Amino acid sequence: MSDNLKGLLDQIASPSDLRKLLDIEGMTGPVIEQFVAGVGAETILDQIFNLMAGRFEPKGRLRSGVVQWNVATSTGRHRYQLFLTPHGAHAARGNDAPPRVLLAMSTPTLLNLCAGRLDPIAALGRGQLKIRGDLLFGALMPRWFDY
Amino acid sequence: MADVNELGDIKALITQSSAADLKALLDQLSADEVKDVLGRLDSSDFPALLEKVDPAVLERLAQGISHPSELKQFLELAGGDDTVINAFVTKAGTQIMLDRVFSLMGEHFLAEKVGGDSGTVEWHITTPDGEKIYHLTIEGGKAEGAGGPAAKPRTTLTMSGPDLLRLCAGTLDGITAFMHSKIKLSGDMLFGAKLPQAFDTAA
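Chain order of the listed sequences is A and B.
Heads up: the first sequence is residues 148 to 294, going by my numbering.
Heads up: the second sequence is residues -10 to 192, going by my numbering.
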């Protein structure tokens, strides 16, 4: 793995850092895919989902449930689960728990979503995001994080 | 001399002239006229010229570079070959060439590309004469290049001399160079990664 890419990834600690990354001139979808392949999909996705869990703002049972994420990368599809509870959230690889909602997207779409730059309804309309299960829960969920 | 056309066949002139005759001839030309001469050559002629030409002519030429497009012309003449580019820079004077490049960087800085950020960027340039250190101070939407290390660099970029020239000429894609480690970053990498794209290299 390039030291540059690993070093850059290590400096992404908040959605604001993610926005800085996406704001770099030339950081297009294909370049993001190269970045992910260079760092390793699971390395970057682990970091992104842990960041997401840390930024969840719990609010009782209304914001509770398991969210299944199927993320397409240039090296294959990766599954993660985000467990939203009344007290906080945590992330895990895999698809063991029955999800309340399932979201499928590419890595660039995921990064934009975590950076607070993606309107999920518009993304659904464009086909960038696919949802199955509790649609309302899935559409509202991106609003429950501190960006 | 007003018209370089009076010199006749430039390629033959360079091939057939002795080093002393070539120096005597080029000494009579202004920097702009030397650029005109170079414009009539192609990359296969450049190594022969480089071998014969007096360093003082290249030094004058390097000091006369006033726009990234002229840098691009030199790189095209060198055929993109690092060995030829390094030979040109060494003969023209590494410090003279780098001083000019960092001055150009300040003149062609695009503040909007760094989103209003400020800070000092240290550049480590590897050359046949060893590593040369420069810094670029970005503040108030302006940038100013200078020789030597920065007191408190926010980020450090390391690259080869030919890649620096390509970057400033607009022929090296900064993000690709970064992804493939042609440009190495340390310090605030999210700031540093924006810099290779922050110079107006359009002709």
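In short, the hints are calculated from the structure, not lab data.
Among these hints, one or two may not hold up.
Claimed, not checked - List of simulated lysine to aspartate or glutamate pairs, EDC-like, C-alpha gap at most 20 Å:
| no. | chain 1 | residue 1 | chain 2 | residue 2 |
| --- | --- | --- | --- | --- |
| 1 | B | 171 | A | 164 |
| 2 | B | 173 | A | 150 |
| 3 | A | 153 | B | 177 |
| 4 | B | 173 | A | 266 |
| 5 | B | 102 | A | 164 |
| 6 | B | 102 | A | 281 |
As the list claims (entries may be wrong) - Label-pair distances were calculated between CB atoms; the ranges are:
| no. | chain 1 | residue 1 | chain 2 | residue 2 | range |
| --- | --- | --- | --- | --- | --- |
| 7 | B | 48 | A | 223 | 42 to 48 Å |
| 8 | A | 294 | B | 100 | 49 to 55 Å |
| 9 | A | 153 | B | 105 | 34 to 40 Å |
| 10 | B | 96 | A | 164 | 37 to 43 Å |
| 11 | B | 169 | A | 290 | 35 to 41 Å |
| 12 | B | 72 | A | 164 | 23 to 29 Å |
| 13 | A | 272 | B | 96 | 55 to 61 Å |
| 14 | A | 271 | B | 140 | 26 to 32 Å |
| 15 | A | 204 | B | 141 | 51 to 57 Å |
| 16 | B | 169 | A | 206 | 43 to 49 Å |
| 17 | B | 118 | A | 219 | 57 to 63 Å |
| 18 | A | 294 | B | 169 | 28 to 34 Å |
| 19 | B | 143 | A | 264 | 21 to 27 Å |
These figures come from a predicted structure and were not determined experimentally.
Ideal Cβ positions, reconstructed from N, Cα and C, are used throughout, including at glycine.
(message) For each hint given before, does the structure comply? Return the numbers of the non-compliant ones in rising order.
(response) Failing hints, ascending: 1, 4, 6, 7, 8, 9, 10, 12, 13, 14, 15, 17.
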